[in-house]
Amino acid sequence: MSEELKKRIAELFHEKSKGDKKMFYIRDVTKWLPDEDRHAVQNAVKELLDEEVLKYWSSGSSTYLILAEFFPKE
Amino acid sequence: MSKPETPLLDELEKGRWPSFVKDLKQAAKKNPMARDLIHQLELSYKDRIGHWKHGGIVGVKGYGAGVIGRYSDRPDLFPNVQAFHTLRVNHPTGWFYKTDALRKLCDVWDKHGSGLTNMHGSTGDAILLGTTTDHLQPCFNDLSDAGFDLGGSGSALRTPSACVGPARCEWACIDSLDICYNITMTYQDQIHRPMFPYKFKIKVSACPNDCVASIARSDFSIIGTWKDDIQVDQKEVLAYASSINIQKEVCDLCPTRCMEWNGKELKIYNDDCTRCMHCINLMPKALRPGKEKGASILVGGKAPIVKGALLSWVVVPFIKLEPPYDELKNLIERIQDWWDENGKSRERLGELITRLGMRVFLKAVGLPAVPQMVKAPRTNPYVFFWPEDIQKEVK
Chain V
1 MSEELKKRIA ELFHEKSKGD KKMFYIRDVT KWLPDEDRHA VQNAVKELLD
51 EEVLKYWSSG SSTYLILAEF FPKE
Chain U
1 MSKPETPLLD ELEKGRWPSF VKDLKQAAKK NPMARDLIHQ LELSYKDRIG
51 HWKHGGIVGV KGYGAGVIGR YSDRPDLFPN VQAFHTLRVN HPTGWFYKTD
101 ALRKLCDVWD KHGSGLTNMH GSTGDAILLG TTTDHLQPCF NDLSDAGFDL
151 GGSGSALRTP SACVGPARCE WACIDSLDIC YNITMTYQDQ IHRPMFPYKF
201 KIKVSACPND CVASIARSDF SIIGTWKDDI QVDQKEVLAY ASSINIQKEV
251 CDLCPTRCME WNGKELKIYN DDCTRCMHCI NLMPKALRPG KEKGASILVG
301 GKAPIVKGAL LSWVVVPFIK LEPPYDELKN LIERIQDWWD ENGKSRERLG
351 ELITRLGMRV FLKAVGLPAV PQMVKAPRTN PYVFFWPEDI QKEVK
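Protein chains in written order, with our numbering: chain V, 1 to 74; chain U, 1 to 395.
Be a bit skeptical, because a hint or two may be false.
Stated by the list, open to error - Ranges between beta-carbon positions, derived for each pair:
#1 U:272 x V:33: 29 to 39 Å
#2 V:7 x U:8: 20 to 30 Å
#3 U:45 x V:21: 31 to 41 Å
#4 V:50 x U:386: 39 to 49 Å
Bear in mind the hints are in silico, worked out from the structure with no lab data behind them.
Backbone N, C-alpha and C fix where the C-beta goes; we use that ideal spot for every residue, glycine too.
Extracted from the complex, chain V is given alone in its bound form:
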């Protein structure tokens, strides 16, 4: 797994989360990186989830990704 790709994804999340919008679809993430292989991006996101840099947020029907620091507290 490319550490470089993971770093870029984390940076993009920080950059895109500067506004009000904090939650993104996986489709948004693959669109941020049009030159990267979609599966490589998805695998990098999975690793970031394992490392708890990112977290899943689910409405029950669809799933979003969010930086762990912005995950809403109960």
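Let chain V serve as the given structure and place chain U on it in line with the hints.
Same frame as chain V, but now just chain U:
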């Protein structure tokens, strides 16, 4: 006389399905979560608004699905349902439980949750209703020890489900139970770690009666069928003639009029049969599915949300299904990959096919256009020639 505590729910209890309220009241006697749930529900009926906030927490360590976060918006009134998360537990294929497994499941839920269940949700899972955030991981650990796993939720492969198939049904043309179990075990990562544009459902029916309603409810329907002729026992047909009107109730109701009855013998024009199962269901002793069995694959079924409800379309009229189902799984993966690459967020497979066209879909997944795909002849010819094919013909 004292005023009842839950007058609106009491009214509901007088209706056709009293157990909805009755069971909640029974659970409320021993569980404070169930007690607060009743009162919050009463308030919802009174205010005519749901008092739940959905979403948030998604699962346990390593999982991104299987838990649906739910919170009360009136924790001041109902502190015991402040967090009331739902767990989706992957049901055993065909919903066959041993009683000790059911007892274990209930014991775990009595220990960690409200004790309330929904057996089963429309996805098929055993739904455990109401636990707190602190209890999620311990509950999952205990469920795992009892041999259970969480199911799918969110933008993931949802828990595959199947009819009871050959375990109890004489019409089974495929082993729906084995196929469903095999698919479930193969795609554990897609079930537990959502990475799709939206939900993806696979359902397996062992015959065209489609008891799991896969046509209406799944993106990828696998429906058992046969390729050769319906097996006919003319002696038994004659026996049925004494109890039913074969011409009126069988032949005249055949959607393709592929049967003839002369009072002595039933003739079936099998080439015109669309496997509706009507005749077989009506005369089960006389008629049986053919001997060359397999499945039809259909794609794109869904309930309404973004676009209207869609029924699945046939894309593979007949496929032999035998373990390890490599051909089937290869097709599933090609379809998911195309959808994953082209689908918008929250766009189901059927909607994507409608948007880009069936011919684009067929080309992308490498399937030939065949007559069985046509839903309504001469009204929606959605398979057109590609420009390069026309050029070839012209040359």
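Results for each hint:
1. U:272 x V:33: 29 to 39 Å: 53 Å, violated
2. V:7 x U:8: 20 to 30 Å: 56 Å, violated
3. U:45 x V:21: 31 to 41 Å: 35 Å Cβ-Cβ, so the 31 to 41 Å window holds.
4. V:50 x U:386: 39 to 49 Å: 44 Å, holds
In summary, the structure is inconsistent with hints 1 and 2 from the numbered list given earlier, while agreeing with the others.
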